[in-house]
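Peer 1: Chains as they are written, first to last, in my numbering: chain D, 1 to 309; chain S, 1 to 309.
Hints are computed from structural coordinates only; laboratory data are not their basis. No experiment lies behind these values; they were computed from the predicted model shown. A virtual CB, placed ideally from N, CA and C, is assigned to each residue, including glycine. Wrong hints could be hidden among the right ones.
Straight-line C-alpha distance at most 30 Å; calculated DSS-like pairs for lysine-lysine [as the list claims (entries may be wrong)]: (1) 277/S <-> 190/D; (2) 277/D <-> 277/S; (3) 168/S <-> 3/S; (4) 217/D <-> 207/S; (5) 3/S <-> 217/S; (6) 217/S <-> 207/S; (7) 207/S <-> 207/D; (8) 21/S <-> 190/D; (9) 207/S <-> 21/S.
Pulled a few chain S residues facing chain D out of the computed Cβ check, cut under 7 Å [claimed, not checked]: (10) 222; (11) 224; (12) 265; (13) 306.
Number of protein chains: 2
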Amino acid sequence: MSKLLIVGSIAFDAIETPFGKTDKILGGAAPYIALSASNFNISSSIVSVVGEDFPLDYLSMLQEKNIDTSAVEIVKGGKTFFWSGRYHNDLNSRDTLDTQLNVLADFNPVVPDNYKDADIVMLGNLNPLVQLGVIEQLTTKPKLTILDTMNFWMEDAFLGDLLKVISKVDVITINDEEARQLSGEYSLVKAARAIEKMGPKYVVIKKGEHGALLFHKEQIFFAPALPLEEVFDPTGAGDTFAGGFSGYLTKTDDISFENMKKAIIHASNLASFCVEKFGTERMENLNRDEVQRRLQQFRELTQFEIELS
Amino acid sequence: MSKLLIVGSIAFDAIETPFGKTDKILGGAAPYIALSASNFNISSSIVSVVGEDFPLDYLSMLQEKNIDTSAVEIVKGGKTFFWSGRYHNDLNSRDTLDTQLNVLADFNPVVPDNYKDADIVMLGNLNPLVQLGVIEQLTTKPKLTILDTMNFWMEDAFLGDLLKVISKVDVITINDEEARQLSGEYSLVKAARAIEKMGPKYVVIKKGEHGALLFHKEQIFFAPALPLEEVFDPTGAGDTFAGGFSGYLTKTDDISFENMKKAIIHASNLASFCVEKFGTERMENLNRDEVQRRLQQFRELTQFEIELS
Numbered sequence: 001m002s003k004l005l006i007v008g009s010i011a012f013d014a015i016e017t018p019f020g021k022t023d024k025i026l027g028g029a030a031p032y033i034a035l036s037a038s039n040f041n042i043s044s045s046i047v048s049v050v051g052e053d054f055p056l057d058y059l060s061m062l063q064e065k066n067i068d069t070s071a072v073e074i075v076k077g078g079k080t081f082f083w084s085g086r087y088h089n090d091l092n093s094r095d096t097l098d099t100q101l102n103v104l105a106d107f108n109p110v111v112p113d114n115y116k117d118a119d120i121v122m123l124g125n126l127n128p129l130v131q132l133g134v135i136e137q138l139t140t141k142p143k144l145t146i147l148d149t150m151n152f153w154m155e156d157a158f159l160g161d162l163l164k165v166i167s168k169v170d171v172i173t174i175n176d177e178e179a180r181q182l183s184g185e186y187s188l189v190k191a192a193r194a195i196e197k198m199g200p201k202y203v204v205i206k207k208g209e210h211g212a213l214l215f216h217k218e219q220i221f222f223a224p225a226l227p228l229e230e231v232f233d234p235t236g237a238g239d240t241f242a243g244g245f246s247g248y249l250t251k252t253d254d255i256s257f258e259n260m261k262k263a264i265i266h267a268s269n270l271a272s273f274c275v276e277k278f279g280t281e282r283m284e285n286l287n288r289d290e291v292q293r294r295l296q297q298f299r300e301l302t303q304f305e306i307e308l309s
Numbered sequence: 001m002s003k004l005l006i007v008g009s010i011a012f013d014a015i016e017t018p019f020g021k022t023d024k025i026l027g028g029a030a031p032y033i034a035l036s037a038s039n040f041n042i043s044s045s046i047v048s049v050v051g052e053d054f055p056l057d058y059l060s061m062l063q064e065k066n067i068d069t070s071a072v073e074i075v076k077g078g079k080t081f082f083w084s085g086r087y088h089n090d091l092n093s094r095d096t097l098d099t100q101l102n103v104l105a106d107f108n109p110v111v112p113d114n115y116k117d118a119d120i121v122m123l124g125n126l127n128p129l130v131q132l133g134v135i136e137q138l139t140t141k142p143k144l145t146i147l148d149t150m151n152f153w154m155e156d157a158f159l160g161d162l163l164k165v166i167s168k169v170d171v172i173t174i175n176d177e178e179a180r181q182l183s184g185e186y187s188l189v190k191a192a193r194a195i196e197k198m199g200p201k202y203v204v205i206k207k208g209e210h211g212a213l214l215f216h217k218e219q220i221f222f223a224p225a226l227p228l229e230e231v232f233d234p235t236g237a238g239d240t241f242a243g244g245f246s247g248y249l250t251k252t253d254d255i256s257f258e259n260m261k262k263a264i265i266h267a268s269n270l271a272s273f274c275v276e277k278f279g280t281e282r283m284e285n286l287n288r289d290e291v292q293r294r295l296q297q298f299r300e301l302t303q304f305e306i307e308l309s
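I would like the entire structure built from these sequences, with the hints used as guidance.
Peer 2: Below, the structure is given as structure tokens:
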């Protein structure tokens, strides 16, 4: 069975949306990625770090989804990374109210021996030096290495490290504004082309409610986001997308462009569930029938017959 | 042969974009709609008004595309409607620099006898009273009446008239912000549902570079905008979309939801050309092969195979 190695933060999140607010709940890139990928019944392992304050119940919940958490370091006496944010009324933008890196500040990732030959490596959003540290521990070149990142790492202090890790990956997933910032190009077509020159052969640009684009040389594929009546909490949607993308590719063991299209659809489909409840709640309680029904909705939403002559 | 009746403004536009500026060039909803629809080799007629300052060459150009301009009133001593605007750097927003209604202020539309039984009626953006005036002159109920409008007519002074014309049409095309304004709903799914309650059985929400959504009861179809390297001038893209939509439906004489999906794709395809040059220039010089090639690109951009179980 193919193996997916996931690196990413594990956090406490405190979230405010126009619909309500939460106390500290499970957050961070890694749980969203892993929960999403777990829909494909693959072997996966999380490399991450938490403090002694982290409830073991959260790790048990992940383990029950067949996610290996033995490489989640628990720092004695340490406190778990904490993020707090408030979404604006349109849910498209947010203010960060508080960030406490805590144990994440000194995180040295250790890839477990049985994942040093992972088939697919999903580098969730983190300090690029941590992402590089994971790549360096691999003993076998993965079939595919996927990087997710964000604008925070494009500041001068981190940009050199970010460009270094970007040069070593096969796929980058990034949102539209970040693609523009990284490339200096406004047109997303030009931005993707510029980012391909930095290393990745595939560029995925995430546009939130406006869908996602996959670029590879002259080829472009687009998947819309499912139009939803309510978006409750957008936190984790991008990570859920990355988890669906990497999970599907791990399951199918096929990294052709044609199969990546399907991965993008599965990724969009899973992300559409994530935003329906606070935090990871919806992803923890998602069944196969719901996923299949919504895939059918994606098909109806986008598929057409046109005669060409 | 099926007939398409088009009502809409004819204007002089003076446009500034980050790429340059124009003197007075041909503009207004009707020429864009008619040029776009002319790609389907249908019979069409424009009901509109111009001043004595309007170059007859423009009318000849339209006539050469098989567009009947005999119902374009030329007001002796009158001046043609003039609009001037400047686009911001992102081309997604613009400032209106000048609007001179001129002959449009007192326009009384007269539908020619041979179009009073038009199969499809495309009411381009105009004062809703003019749009109502056209509907009232029809002797046969059209198979489909399509309304395009904009936020200007949602102000208190016009809203009553707008709601009246909305209640009489089958399809409304409107952009995302306008749909939110008209319905008071932020979610586009809810907005479309609210607008359907106002009368139209089909609601098309145009999202510019983010594509377009077609709503009908519980069904939703989405077409992306083609990702372009350069957008030169967005003026007229929405009208070109409306022309492609109405033109394709006129040509195929089939107003089923399945066929409307195809119409949305053709509409998006034609709009992708419009923005490549200033004003109507690109639409005046568009050939069948270019249109077909880009339809193929739309297919590659959006079509996928997914196994459902």
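Peer 1: If a hint holds in the structure, say so; if it doesn't, say that too.
Peer 2: Hint-by-hint comparison with the structure:
1. 277/S <-> 190/D: 18 Å, holds
2. 277/D <-> 277/S: Distance of about 45 Å is beyond 30 Å: violated.
3. 168/S <-> 3/S: Roughly 20 Å between the alpha carbons, so the hint for residue 168/S and residue 3/S holds.
4. 217/D <-> 207/S: Holds, because 26 Å separates the two Cα atoms, which is no more than 30 Å.
5. 3/S <-> 217/S: 28 Å, holds
6. 217/S <-> 207/S: Holds, because 20 Å separates the two Cα atoms, which is no more than 30 Å.
7. 207/S <-> 207/D: Holds, at about 13 Å.
8. 21/S <-> 190/D: 24 Å, holds
9. 207/S <-> 21/S: Distance of about 25 Å is within 30 Å: holds.
10. 222: 5 Å, holds
11. 224: Given a least distance of 5 Å, the restraint on residue 224/S holds.
12. 265: 6 Å, holds
13. 306: 6 Å, holds
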